[in-house]
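> Residue-level listing of the chains:
Protein chains: 6
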Amino acid sequence: MVKLIALGEILVQFNALAVGPLRHINYFEKHIAGSEANYCIAFIKQGNECGIIARVGDDEFGYNIIEWLRGQGVDVSGIKVDPESFTGIYFVQRSHPVPNRSSMLYFRKGSAGSRLSPEDVSENYIKSADIVHSSGITLAISDTARDAVFRAFSLAKIRSFDTNIRLRLWSAEKAKSEIMRLLNEFKPDFLITDPDDSKIIIGESDPEKALKILSNYSRIVVMKLGARGAMVYSDGSIYFSPGYQVQVEDVIGAGDALGGTFLSLYLKGFNVKKALDYSIVASTLNVMIRGDQENLPSTKEIEEFLAEMKK
Amino acid sequence: MVKLIALGEILVQFNALAVGPLRHINYFEKHIAGSEANYCIAFIKQGNECGIIARVGDDEFGYNIIEWLRGQGVDVSGIKVDPESFTGIYFVQRSHPVPNRSSMLYFRKGSAGSRLSPEDVSENYIKSADIVHSSGITLAISDTARDAVFRAFSLAKIRSFDTNIRLRLWSAEKAKSEIMRLLNEFKPDFLITDPDDSKIIIGESDPEKALKILSNYSRIVVMKLGARGAMVYSDGSIYFSPGYQVQVEDVIGAGDALGGTFLSLYLKGFNVKKALDYSIVASTLNVMIRGDQENLPSTKEIEEFLAEMKK
Amino acid sequence: MVKLIALGEILVQFNALAVGPLRHINYFEKHIAGSEANYCIAFIKQGNECGIIARVGDDEFGYNIIEWLRGQGVDVSGIKVDPESFTGIYFVQRSHPVPNRSSMLYFRKGSAGSRLSPEDVSENYIKSADIVHSSGITLAISDTARDAVFRAFSLAKIRSFDTNIRLRLWSAEKAKSEIMRLLNEFKPDFLITDPDDSKIIIGESDPEKALKILSNYSRIVVMKLGARGAMVYSDGSIYFSPGYQVQVEDVIGAGDALGGTFLSLYLKGFNVKKALDYSIVASTLNVMIRGDQENLPSTKEIEEFLAEMKK
Amino acid sequence: MVKLIALGEILVQFNALAVGPLRHINYFEKHIAGSEANYCIAFIKQGNECGIIARVGDDEFGYNIIEWLRGQGVDVSGIKVDPESFTGIYFVQRSHPVPNRSSMLYFRKGSAGSRLSPEDVSENYIKSADIVHSSGITLAISDTARDAVFRAFSLAKIRSFDTNIRLRLWSAEKAKSEIMRLLNEFKPDFLITDPDDSKIIIGESDPEKALKILSNYSRIVVMKLGARGAMVYSDGSIYFSPGYQVQVEDVIGAGDALGGTFLSLYLKGFNVKKALDYSIVASTLNVMIRGDQENLPSTKEIEEFLAEMKK
Amino acid sequence: MVKLIALGEILVQFNALAVGPLRHINYFEKHIAGSEANYCIAFIKQGNECGIIARVGDDEFGYNIIEWLRGQGVDVSGIKVDPESFTGIYFVQRSHPVPNRSSMLYFRKGSAGSRLSPEDVSENYIKSADIVHSSGITLAISDTARDAVFRAFSLAKIRSFDTNIRLRLWSAEKAKSEIMRLLNEFKPDFLITDPDDSKIIIGESDPEKALKILSNYSRIVVMKLGARGAMVYSDGSIYFSPGYQVQVEDVIGAGDALGGTFLSLYLKGFNVKKALDYSIVASTLNVMIRGDQENLPSTKEIEEFLAEMKK
Amino acid sequence: MVKLIALGEILVQFNALAVGPLRHINYFEKHIAGSEANYCIAFIKQGNECGIIARVGDDEFGYNIIEWLRGQGVDVSGIKVDPESFTGIYFVQRSHPVPNRSSMLYFRKGSAGSRLSPEDVSENYIKSADIVHSSGITLAISDTARDAVFRAFSLAKIRSFDTNIRLRLWSAEKAKSEIMRLLNEFKPDFLITDPDDSKIIIGESDPEKALKILSNYSRIVVMKLGARGAMVYSDGSIYFSPGYQVQVEDVIGAGDALGGTFLSLYLKGFNVKKALDYSIVASTLNVMIRGDQENLPSTKEIEEFLAEMKK
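Chains A, B, C, D, E and F are the protein sequences, given in the same order. Residue 555 is where the first sequence starts when you use this note's numbering, and the numbers rise one by one after that. Residue 555 is where the second sequence starts when you use this note's numbering, and the numbers rise one by one after that. Residue 555 is where the third sequence starts when you use this note's numbering, and the numbers rise one by one after that. Residue 555 is where the fourth sequence starts when you use this note's numbering, and the numbers rise one by one after that. Residue 555 is where the fifth sequence starts when you use this note's numbering, and the numbers rise one by one after that. Residue 555 is where the sixth sequence starts when you use this note's numbering, and the numbers rise one by one after that.
It is worth saying that the hints were derived from the structure and are not from the lab. It is possible that some hints are incorrect.
Copies of the same chain look alike in the list, so a pair counts if it fits in one copy or across any two.
In silico EDC-like cross-links for lysine to aspartate or glutamate, where the CA-CA straight-line distance does not exceed 20 angstroms [stated by the list, open to error]:
1) K663 with D636
2) K730 with D750
3) K865 with E758
4) K741 with D831
5) K822 with E858
6) K663 with D612
7) K741 with E621
8) K753 with D629
9) K634 with E727
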């Protein structure tokens, strides 16, 4: 088994029980979320191990996060309860005003999660892992969180990074400069991104062109294309794996499902093509439910899906 | 800002929480509905003003209607509480026996709403509006309601009419004669209809042919085509705007969303083509939820939708 | 087994899912109700038989009523589908403005149920029964319904009557005159009433005094006292059985539970005291749920309750 | 009217309220199910009669089954309450790991339903029916249940059989040998199957080829093809009727809807083509809801669907 | 009619759908809340007028607040949309760890509501009111909000103040000093408090003793005693009105219900005793639901309650 | 910290969402339950450690149990996934026919949990614990499970036993003989029981008398008295701690809450009186929710409850 350690903010998500503007939604469903936590569980579902370095508040939602992740098999020993702040949360508005697109209303400014700092990154803990992962969100939430990522990456054996730019958290300029600094400094082994993000960081949104440029910074680059599927650059060639059309409930988290599954399967020894084909299944199932983690499939379940599709 | 005054019955809708015949539905969700109220809110969402002339019963549902509409920004000063009758209601059965089609079970006979009468139409109030709107439903519910529409139209500066024929409320013959009488008498500036209704009133269901015939009665004629989109006749030419395919929850109210949005945007200065393109977005979002008013988009939200579609 | 035939209107009940004024209730739960139907099922639960003479509309709610009652073991051969009217319905508002009291908003005027008429009362069908039951509600809903009750009573072997005065359906004067006419004409074997109703019909609300007066009209008189319990007059003496204190969800139907259970057990051979003690259990359980029929206990379940109380 | 008698196990179904693995589902919705019960209600919906021979446990779920089926118009006189066992149940997991496919978790081993035996098959009762139906599930659940089917078929005038192989109940080898024994012994008048099942019993999954082979065992053979539609073999020729694309909630029971509707309409005098076209509508509506019976259409409702599709 | 203007923060409340620690609650129900908004609606329900001076964020929850309050009849012209901050929210945990007590988890630090400032207090607007009301919460949320209250009080004709100390918002010392400063400076006409709060501000928790001390600062002092009822000091004497025992859903907002109803009825001309008796009914009904405003009774509904209690 | 190891069957509970007979319940809520698991979590909540020795099936419900318990902090290393059987489940019917009493419908015969056997009891694992606990349920479910308990007790340092007799699982005679054999053989340090159980095992249901007799078998004996409270025998004297009256949702699991909390606090050094007073709070909170584990309080929360009661 391979162990991944992810750094990021874990949040409590309140997903609208119905489609429409939040003002008209009366009921909300609670889920645990956060890009790196999603990666982590997708990673575990393929039979590997994962731990998270993060902070939560000393409140019901903080303990909720720890209990849920521990239940899902995550090593929570790196999650610190920060008595001086609160657990970040957000609300999900679905299919309004754009069908099958979700938007977020965050309550995370100054949260415990954003107080993640280099002191939370234990050298021994990082060295116990085979691979360290983080995302643009963690770079964006605070300077100390960003520094924690840089420290962890500097200690890591293998590095994975998902650009995950959220323009509510920082400006495009800030996103570009911080992410490019990280790519230049570490040339992470795995880079996961999408056309909107690559437009921001390298000025190119065409998937194939962007992949080629990004291959200068990373050995294996995954380009998420939403419902259309995904591409992966590796060893000088690009492989495209198409998506599946399903009834969409909430698209949030689909990219994390893809990224976490891909990393885990590749590190288990799958080739990039097979790893990508399988990962698409994880992101496909992910969009059929509210919540980002409950529908993540195991390797065996992915194979059941693929077998059915071949019929 | 432009002000529209609509005349019609506002009802409480009990929408089945699940698909299937009502006998097997255990839970119902309450919404405020009624064609003219739907028009009114779609109209307001584009930044204009709207008032409604109507009657409700002196019961919880009547006050529910007033409070909801007032909350949504409707001028409710023309809504009278009629102590001698009750607020009309209806139940919505969805996707049985026809997928993505809804059917209504009304409890509105003799309702306060149907007791609307010319005495409810204050000349000063009508004159405070730029445009007066009503529909075939209001003509159908009672003779006094019909007379109220005729009185309001006779006092109006600009007139808008949606044929909205409900064969449970009157016969095709009655519908034809009353609507044609109104069209002949007022030649409303705006006429909104669909192929089924034009088949009844002018014997023609082909959209383009019907539009040409109806252009004799109205300067601008909108032909709603359901999921396929809509057409508009204006100045001798016809423009078609296609619909969008989305997951349907309840189609009721989609036509009102389209009509109300179109009127409001056109009166704000949009040309008919742009107004129609935008209106289709409103009706598209409308079918994704139960309830007729909660998902109506603002102009800015419509533009967000259109921008996403162009990607 | 003994067979009871009841005459009355069966309605669909929409019970508020939460406490408070209906305007603020978003979800409603559907149940089948109606005093005589409640009696009928309470009667069957004690191991006897019951049929209902009634009309429902040719709509989903009408078939809902027939299917539900047939499922519960009611003989529905006397329920006519009336194609010319609709099935009556009502909404239940709970604990507002009075805690643990419910109020009804009816949509039953002109309903199929109110069109019950003497022609619906087949002589053979009535003669197949051991006992015929009806209530003040049936006298109130229409003249033809009242005449149907009189016809059925004139053909019956044993008669039972529950005063059940609903002042939204008729005036106190009308209630008094019609009910006294029935009592005088038939001197029913069983009379079920409460202090409010006896105040109206005989001007006496004191339970014991009222029972004595009413014993001039009926051999066995049951006085329902709500949460306090009930009394029964029989053979010159009065027996009081106290109520039980439980968490109240909806009190509607508790009196019918008591009456129907009492009749059934008495006719099975229980003495009036034991029949009353058992009946109180049925009305106690009834108030713990929304809906009037789902929590009605069998004789064996009543005994389980009583055994527990003795512990 | 024609009467069908079906033999099989009736179960209580707990359908996941949301999509995903059962471990993450918090709420479940109860329905009555079981292939033969589904057939029976589809049969009744077309205006014919149906009775079921089955056993249920002496528990709340057993009485639930009897009351529900009686309500739906099923003759339940052949359903025995078996005091020595329990009512079988199962859980439905939806769209995980395969979108729009459901999987079952049974609690039926040793259930009352599986204790069905030849002694439950009354000769007089079978002779009161025009046609007897059962399925591979009933052959699979126990030897006594299988013997009951053989006894009933030996007494029947007309026979119908649905292969319905569930590999969680028996092996493919056992399924093949038992079903072929039945086909050889009785050459049922109607045989309903699908490509997976025919692969098992005759080694052929190509629909047309399989139909030709199976026509040696049955006069009329229906081949269910899921969302693609269905085929029927009759009198040497094959007719294909395509399916309709709708929003899928739960596909379980669609085949029973098709089979039961087909049998009923054919026996009412429809030709095989028309009967198949209509039956596809029943299976189409069936997949739009959770539960197998609530959305089954009447003949008139099927015609309403077909009329709408022709528009 | 009398007009009250209240200053305070309006919040969106997410009330746990079930009892227990928030970590185990999966569903939340949205309500509009905030002490002064609760006062305002209780005030309106007695037939008077109310406006609120407040800030909300430029987000869905902000518009939700405005639409809801406008619907309820509140004058929202003094509510400013602050584009630089967000609408405050909170979660309600019920009956854990103390039965029938609720606790709050706030997300309001730096909220738009807390940015209320003296510049939001228009002299003309205040002068249009008969009475100005605020609470300790508004003093606590920020210095600018406190200054806004002082400014409004300095402009007011009649003043009302509810101590409402929330120790999560400020320390007991700060609460004491700020509230005493306000009491000393303005000697508000109405003071509403409870034993815990008077313990903090005057060191006395005995209701009668506290009332006497507080009568030095205010002409009419109301002492809320929770389920036990309430007392009022006026003209040298103290009147006690006992509470009613009901099934508790959520006690939050009960004190506001009492205070707002009392003020409104007293200003309508009720004497303090009658006003208090009526107000207790409002707080009693309030605890029977989740949400602080939906169950507030009108004067007529209060009388219906009292009439029933006298039976 | 002290570590307890418990042996028993962990089940999935489906709790009726409403009060009444299961046949009329449409929705069920899933919880993880089982007496020993309840003990374990109550134990952990007081700051100690707990592991469970048990078997679950290789199905979604089995993994559900493991994930939930791991999340709650239970050491799940002793829980074996048994591929040859299924996870046991049960349904809870509430308040019918006895208010505030629940009854269970089990599907656990032959379950993985009942296949617990001595080979599952690792000597090293037991020796890692300070105390071993089990109950009459585990003795009842199978001979191998009983043998596992005897083996674990023979290896344990300290022993705790809850009689927990479920007459649906074994006869009173069997219960008596097996439990007395265990008491005689091990004289467990802690014995938890109630009057019904002690009536069965020692023929005495009077709490005080029973405690005295049972003190011959165990040093500390806890007598659960339901809503009335509990008693504890220790060192020759009996202490009674009264219960609290609260709104009851489901009483199942209250005894386990009491027992687990008592053990944990006593082992932390509380004296028996204080430990009992605190434990009663845990059982009080437990009955306010559906589910047996979600409302269990920490020591600090118990103290918050007690502080409030003293007010």
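> Within, between, both or neither: how does the pair K741, E621 come out at a Cα-Cα threshold of 20 angstroms?
Classified as neither; 35 angstroms inside a copy, 37 angstroms across copies.
> Between copies, within a copy, both or neither: which fits K634 and E727 at Cα up to 20 angstroms?
neither (31 angstroms within a copy, 32 angstroms between copies)
> How would you classify K822 and E858 at a CA-CA limit of 20 angstroms: within, between, both, or neither?
within (19 angstroms within a copy, 42 angstroms between copies)
> Which holds for K741 with D831 at a C-alpha limit of 20 angstroms: within a copy, between copies, both or neither?
Classified as neither: same-chain Cα gap 25 angstroms, cross-chain 47 angstroms, threshold 20 angstroms.
> Is it within a copy, between copies, both, or neither that the alpha carbon of K865 lies no farther than 20 angstroms from that of E758?
Between copies only: 15 angstroms across chains, 38 angstroms inside a chain, cut-off 20 angstroms.
> For the identical chains here, do K753 and D629 meet the 20 angstroms Cα criterion within one copy, between copies, both, or neither?
neither (35 angstroms within a copy, 47 angstroms between copies)
> Checking an output row: K730 and D750, CA cutoff 20 angstroms. Within, between, both or neither?
within (12 angstroms within a copy, 54 angstroms between copies)
> With 20 angstroms as the alpha-carbon cut-off, assign the pair K663 and D636 to within, between, both or neither.
both (15 angstroms within a copy, 17 angstroms between copies)
> Reference check for the pair K663 and D612, CA-CA at most 20 angstroms: within, between, both, or neither?
both (16 angstroms within a copy, 17 angstroms between copies)
Hints 4, 7, 8 and 9 from the list above are not met by this structure, while the remaining hints are.
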